[in-house]
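Student: Use the sequences and the hints to build the structure in full.
First to last, the sequence lines map onto chains B and R.
Heads up, the first sequence is in this note's numbering, so the first residue is 1 and it goes up one at a time.
Heads up, the second sequence is in this note's numbering, so the first residue is 1001 and it goes up one at a time.
No incorrect hints appear here.
One side of the interface only, derived from the structure: several residues of chain R facing chain B at Cβ under 7 Å:
1) T1220
2) S1300
3) L1301
4) I1304
5) Y1338
In short, the hints are calculated from the structure, not lab data.
Just so it is clear, CB atoms sit at the ideal spot from N, CA and C, and this is done for glycine as well.
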Amino acid sequence: MTENVAEGRRTAQPRKRAGGTPMWRDPRTRAIIYQILVLGGVILLVAYLVSNTMANLEARSIRTGFGFLDEEAGFNIGESAFLAYQAADSYGRAFLVGLINTLRVALLGIVLATIVGTIIGIARLSKNWLVAHLASLYVEVMRNIPLLLQLFFWYSVITGLLPAVREALNVMPGVFLSKSGLRYAVPEPHAVHGWMGLAFLIAVGGCVAYYRWAKRRQARTGREPTLVLPFAGLLLGLPALAWLAGGAPTAMDVPTMGTFNFEGGAKISPEFLALLLGLTLYTAGFIAEIVRSGILAVPWGQTEAASAIGLSRAKVLRLVLLPQALRIIVPPTTSQYLNLTKNSSLAVAIGYPDLVSVGNTTLNQTGQAIECIAIMMACYLTISLSISLFMNWYNARIALVER
Amino acid sequence: MAGSDTTERRPPVVTVGVLGWLRANLFNGWFNSLLTLLALWLLIETVPPVLDWLLFSAVWGDVAPSVCKGADGACWAFIREKYRLILFGRFPFEAQWRPLLAVILVLGLVGVSTNRRFWTKWLGLAWLIGMVVYLWLLGGGFGLQPVRTDLWGGLPLTLLLAIVGIIVAFPLSLLLALGRRSNMPIIKALCVGYIELIRGVPLITLLFMASFMIPLFTPTGVNVDAVLRAQIAIIVFVSAYLSEVIRGGLQALPRGQYEAAAALGLTYWQMQRKVILPQALKISIPPIVNTYIAMFKDTSLVAIISLTDLLLATRQAFADPEWRPFFVEGYIFIALIYWAFCFFMSKYSQHLERVMATGLNK
Chain B
1 MTENVAEGRR TAQPRKRAGG TPMWRDPRTR AIIYQILVLG GVILLVAYLV
51 SNTMANLEAR SIRTGFGFLD EEAGFNIGES AFLAYQAADS YGRAFLVGLI
101 NTLRVALLGI VLATIVGTII GIARLSKNWL VAHLASLYVE VMRNIPLLLQ
151 LFFWYSVITG LLPAVREALN VMPGVFLSKS GLRYAVPEPH AVHGWMGLAF
201 LIAVGGCVAY YRWAKRRQAR TGREPTLVLP FAGLLLGLPA LAWLAGGAPT
251 AMDVPTMGTF NFEGGAKISP EFLALLLGLT LYTAGFIAEI VRSGILAVPW
301 GQTEAASAIG LSRAKVLRLV LLPQALRIIV PPTTSQYLNL TKNSSLAVAI
351 GYPDLVSVGN TTLNQTGQAI ECIAIMMACY LTISLSISLF MNWYNARIAL
401 VER
Chain R
1001 MAGSDTTERR PPVVTVGVLG WLRANLFNGW FNSLLTLLAL WLLIETVPPV
1051 LDWLLFSAVW GDVAPSVCKG ADGACWAFIR EKYRLILFGR FPFEAQWRPL
1101 LAVILVLGLV GVSTNRRFWT KWLGLAWLIG MVVYLWLLGG GFGLQPVRTD
1151 LWGGLPLTLL LAIVGIIVAF PLSLLLALGR RSNMPIIKAL CVGYIELIRG
1201 VPLITLLFMA SFMIPLFTPT GVNVDAVLRA QIAIIVFVSA YLSEVIRGGL
1251 QALPRGQYEA AAALGLTYWQ MQRKVILPQA LKISIPPIVN TYIAMFKDTS
1301 LVAIISLTDL LLATRQAFAD PEWRPFFVEG YIFIALIYWA FCFFMSKYSQ
1351 HLERVMATGL NK
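Tutor: Next comes the structure, spelled out in structure tokens:
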């Protein structure tokens, strides 16, 4: 065995070059020469660009370096979640607020687009002619119109066609829609909310423990576990108990009309609303197609075989169809999530203060284009790479294990 | 034999004809019936008012905006008044036959190119000549009055960015795809780095980069035109995506094809040109067209860096305060234009997928 390997290795060694072949005929020598040439070309190009840039920066007396991040920004940001921000804060903090705003709209958009897209994708497969065709119509319209146009459209509709604040539409009790966005009632802050969150976390832990125990029991006795009821009981019951124990506070912070504007309640700006709506509806069209083709790709025989061994409809779906369909759905859906995140940069066009919007303002104020664009690109690259890493991990987990 | 009843009987009325179709497609089971009713209700609630707004109550004539304000329907008078601004931007008014002719020329070329009979090297030449004529019609010179690029706008600009993007990005992406699959580590690393970097950032950051940083990159005194800068950003962006599509085609080819070509003693470039690329490109035509659709839509982003493409020209049309309330009409008008182009391309890609599905997979 060892001898064989050793021998194989010896034969793989390059033989002495046959007499007359000149060196530049050897593919390996040539490969090295090509690579040196290309690398040299790239280095020369970069050096040329850098020297030009240096000369230009000096000529226009623009500073370099990231020192400006500590300086006072001096511009306001319309909305900031989790991180308070004033005009007197630094550029660095402004970038951070922009990044949080980007992540906020992207995360919500991903969740909503997945839900809407899945529903529409399944609707396209419906045996109901009318529903299937309505879903196709949706997909064909949304996918073939530029996202930026859709964003402008929604933003203009919200700020142009909705009533003014004083005549806000009362969509639901406690929810008001107007030119200046959405106002909705929220429960007044109360100490019990923290306890409810804690109770929910404990309930999640309980569910995991119960699931493991039930699976072990199934392996031992063959008894099928009932999952829905205990899960629902734990997840809803424990927080409800905590709420009751805390005195069951029902006070709501309802938005009321003040002199000029609503007071109280929580607020969603028209920019955020338009961006979220546009991103969700646009990406949902793409996700719908992915879901549809994923489900279609599972052969019909799989359903028949699963039914033949006596699985219920729900189990056929959960144990046989979905795992196979997901394997096809996950990779293209990942790139849709990435697209949505990158597309959220179009916020700059409708004035939602996302990363690019803040970066653009900073760029215009400081003139330090290279640094600002580098920060933006680095942020998006990090987001993109982390989403793809996570999805690759998930993909590897659900991938088919072959011989 | 004698007792058998051979008189023809019609099938039950509920299984054939309109009624049968309705039963099979709309009312099979309570859930579907419920869905149908829900969808019908939705249609009845939305379609008549929308049609009424779009067509029946709409204002079509050549009227003042004040007439539109009183009407219940859409104000197509706005499009009638501003269509030249929307379609051609701020191109000199009396010379707008030039962009019109350019657009017709390109549409004609596209029409010819859809027929596979014309897929020869002459078509490539026709496109090259066509693009030169296109640029001449827009830019002028050689007997035509010169027009600065900052006056180019509307549909011709959108088409220019898209088509030059397609033509230049394609060979670039071929090289990138081959480089990414190359055995030479440095070339592979450079290609992977370029592709992943570009695919990891949004197009708008590349457009910002092009419009702010190209002036810094070039020697002092050299001025790169704004349209060209946007065009460079679009080419850089699309070539990364396109190269991944082509790489997919390259990977889908069986190893035997590479080995057989090498066994014949073909050099690397002979092998790529005669054996690998013809097959790989054929498999990847549908996703290539999809990339082009995405790119066509993405050209609208140049509106953010103030190039007057179709989208920004439309926004300028209702910057006129009198016509401002009728933005919905403007957006619908250009949405139809974008939609028509993209829908045509996607249908064409599906058609190609069908007619080219020979050989490798059934």
